[in-house]
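*Asks:* Residue numbers (the working numbering), protein chains in the order written: chain A, 6 to 323; chain B, 152 to 496; chain C, 569 to 1024.
In case anyone wonders, no lab produced these hints; they're calculated from the structure.
Each hint should be verified, as a subset may be incorrect.
[Unchecked claim] Here are the simulated lysine to aspartate or glutamate pairs, DMTMM-like style, with alpha carbons at most 25 Å apart:
#1 A:K219 / B:D481
#2 A:K238 / C:D786
#3 A:K219 / C:E851
#4 C:K962 / C:D626
#5 B:K371 / B:D314
#6 B:K342 / B:D239
#7 A:K238 / C:E851
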Amino acid sequence: MSGLRRFVLKRLLLTIPILWGVSVITFGLVYLTPGDPIDIMVGLDPDMSPTREATLRAKHGFDEPVWKQYWLWISDAATGDFGEVIQTGRPVSDLIIDRLPPTIALGLFGWVFGLVIAIPTGIYAAVKKDQLGDTVSRFIALFGISVPNFWLGLMLILVGALQLGWWPVLPPRVPLTDPEMLWYLVLPGLTIGSASAATLMRIMRSSMAEEMNKDYVTAARAKGLPERTVILKHVLRNSLISVTTVAAFLTANILAGSVVVETVFSWPGLGREFIQAATAREVNVIMAITLFIGAAIIIMNLVADIVYAVLDPRIRYD
Amino acid sequence: MATERGRIQISGFDPDRVTERESLSDWSDDSSTETMSRWKRAGVRFVHNYSAMFGVLIVVLMSLAAIFARPISIEGFTVQPFSLAPYDPETILYLDPSSDVGIYSAPTPDHPMGTDQNGRDLFSRVLIGGRYSISIGFIVVGLTASFGMVYGAIAGYYGGWVDEILMRIVDTIFAFPGLVLALVIVTMLGKGYWELILAFSLFGWAGYARIIRGEILQVKQQEYVTAAKALGAGDFSVIFRHIVPNAMAPLIVQASLSIGTVVIGVAALGFLGLGMPPGTAEWGTMLDSTRQTLIQGPGGSIPWWATVYPGGAIFLFVMSMNMIGDGVNDALDAQEVGNVRQGGG
Amino acid sequence: MSLIEVEGLSVEFYTQGGTVTAVDDLSYHIEPGEKFGVVGESGAGKSVTALSLMRLIDDPGRIVSGSIRFSDAETTRRLEDQYPNKTVDVQTLRAEHDLDEIARRLEQQGCDGSDLTGNDRHFDVAPTELPAGAFDMQDVVNRGHAADLGIIEDDDFIVHDGSEQYLELLRAPEAAVRSLRGNDIAMIFQDAQTALNPVYTVGEQIAEPMRHHLDYSDEEAKERTIQLLDEVGIPEAETRYSDYPHEFSGGMQQRAVIAMALSCDPDLLIADEPTTALDVTIEAQILEQLEELADEFDVAIQLVTHDLGVIAEVCDRVMVMYAGKPVEKAPVEELYYDPKHPYTVGLMSSIPRVGDDRDRLMTIPGTMPDLVELPPGCSFHPRCPYAEESCAEKEPALVDPETGEVATESSRRGAACLEYTGDLEEGLDYEVQVAGEPGDGPDPSSVQPNGGDVDG
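The shape of chain A in the complex, shown without the other chains:
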């Protein structure tokens, strides 16, 4: 297993420059555009005195040279300090801690939904390749990757909440730990997970189909193993290897989806906060959440790579 440990270490070292790059992109995007948040505040309050304006700028460090501003921001961020919400003065880190659990709950639900639907359907479609069942599941997958999630969310509200009345239109204000929340997670979870499920199913199908053409499958059949064992033991394990490579991509999908889906369902998570911050040009919040998303995806990538190495004995000895 020392090979595996070395692999993980190497991978960890590789993430450092990427994390740095992520912070640069985040900072660069927000700061290299004209205007700063103070300009907005001035816009909202034309009576503000130039002195007050300058004080505010100095307070938030907007009058420093760019590199210094970056340094100030990143060194604070490293300690978990993302500054304040400019208009309310509330620490951004507070806000994030507050908004994170609903997003995680929604993302997990979407993830699990995606896996539960996609893996069996993908296997089924690959085994029944070019038969009716395959055609039907491929069509459903095409539907899943083509339907815009915001529209799917709106349609689910239209049908599930307004026509059938099974769900409230807006999620109730109950604590996340309340088991009832599982029910309220269904519509947003379906919405956020459908695209991932469809993508995953297509990848599962094509990688299973590709693996099934390999010699070791004929060899396993020639051993007299039942088709079930051939598929579930020999083929599945190999195709899961290629599926892990897209796991991180799917996490990115779900995080991006949360921005839209939380807005559709007024879900009190990070995504909706992000949109509200974007509308109000709350740079500190935008930067913190952007950085958070980037870091989350990098970590998921790392996890996926490690799972990959565990699943595929060949990679450990590279």
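We have chain A already, so just place chains B and C on it with the hints.
*Replies:* Positioned in the frame of chain A, the structure of chains B and C alone reads:
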């Protein structure tokens, strides 16, 4: 046992007799499959793919509708005079005293998709609504694919530290979902058509760069590339005359699948109120305002048409685009038939 | 009766380009413990034949007709216990049904004599006109007519005839065939690297069929696996047990695959190009090992290869295939010293040899034809130096080269060339020279192809 056997030598089996004699029958070796170029073969396969052709039909129809729904003029000069949409998408119909529609009027034969929150004809708006998303989709894919191709070609061809640095940048971009980056960009730049194009182009090339680089690393090994280099071809000529054309197939597949992604992205930003200015007849922006009607909840009539039709238009377009993408993928990727798994060796 | 009898096997593949008959009306048999070689270029249908024996032909391929009979007393008993209602007793059928009556009914269905006897001589002869004794109840059962006429069930696959007993593999249910695969009939694949699953250890993959077929416990299977690894010549078998395939060299991978095939002590081993992917020194080692193990385990081998040298090394009898059909069958020594078919001659003359004094290698011109559209007449005629006009018109049958009579399974030799039915005007004018015994000086004695009196 083999060692006990004497050496056997055959004489009199003269292959020249075969090559020199007249053919004994009109059967010939290569009668069935003449050599068709890879692209031509892919083209034939694509045309025979019904779902891909259906996708092409829908995309063409929707694009034509978007173009010809209302006249287009550039700097006061009308370049497209046709006007297929029954109503002006910006006209608030109930202001006209002769009109019998109000806000959120249900579909009638005269207004097949009803009217929106400002009493504008939804059918006309849906027809023209593709103008922004579709054109942005094509422009963004054109820009990003070209840039990504050059970027990936350079990284893959030169390798070493150039590749290392260039690909770390790509890795970094991949740490963000494209939509999130686009969202931050439009937040900072403001709403608008060119802003959206920039938002999706600025980082959208990374995927193409990665694909092309991977292909190039493979193609680079091929002998004809070594040969071209040995003959003294310059780097530029080796990359763009010998390597890139052979690495194009996956790029084209990716591009055809990306148009749909960009269209959804543009519509999503529109829906989030960050795309086009409010009131613009753009599919996503149209949906933004209807969300309010749903949230008000049951009680009173729900103007479902305001949600169903604009979103349905996005869905139809994106699905058609994906069918085309899948068709392109199948056409370019599929194994050659004819030499099925038969025989050993 | 032989261990395996293949009769009239045809396999088709359905492709966009048309229907490919990969194997066309093929018959052969293998005796218990015999080493039988199948040789030909790529596309000759060798591998398809191999896979057909295990009924592993996958979409888009299908076995369209024929009979594959596997005869092993122990195996038959085992399956009889599992499928007590699937047994046919031919003697009982003889007592219950009249052969003349059966012939009449088959005639009404449009069968001709060769459908019933499997002999081309009876082509276009009505079943009722056949000479007495030309067919027996066993033929009626083996060629599927008994099932067609409803005398037996479609899936009655266990056949008894006095002391003879065999399984009809093409009528057996999938589960029954599965219990034979890897157990009674095992396979060695061409490329061991791809035949081993990369994500499981070598040991696990060898132990798997034993746990499945022989109900071994994990420990028993592991113990036996280590023993097998040792027997196939893998050093430090115990530690190698938990290695992954990529940690094995190519030769060791092939040894592991051989161990896997031998694990359940099969009666028949199908080796599909077992050494093609290896370099020459390893090839020799593996072949030698294979031969030793075959004797030790008392297993029959069907060795599929494109390399006549490999056949010479290992086999007792050879079948040469071209375009899905057998073109020559012979005991191995006779094939080498006295090849009868021009294709065999071509294959032999294209083997490079050290010390060859010819200016250049006489290879067979052209390539194997596309099986979708075969040349008319003899499939080999476009590549044959001796072809004449008649070759493009008439398809040669596999005949006994001595007599020109249609070869049957009991014939010692067979060759499918018009020469032996007297349809060639010029004849075949190749010569086989034997350059003495090794170590002796050159003592070329030339042998005429039609002499047929050369022993090894």
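*Asks:* Compare the structure with each hint and give your call.
*Replies:* Okay, the hints, checked on the actual structure:
{"no.": "1", "hint": "A:K219 / B:D481", "result": "20 Å, holds"}
{"no.": "2", "hint": "A:K238 / C:D786", "result": "17 Å, holds"}
{"no.": "3", "hint": "A:K219 / C:E851", "result": "24 Å, holds"}
{"no.": "4", "hint": "C:K962 / C:D626", "result": "33 Å, violated"}
{"no.": "5", "hint": "B:K371 / B:D314", "result": "14 Å, holds"}
{"no.": "6", "hint": "B:K342 / B:D239", "result": "23 Å, holds"}
{"no.": "7", "hint": "A:K238 / C:E851", "result": "32 Å, violated"}
The structure is inconsistent with the numbered hints 4, 7, although it conforms to all the rest.
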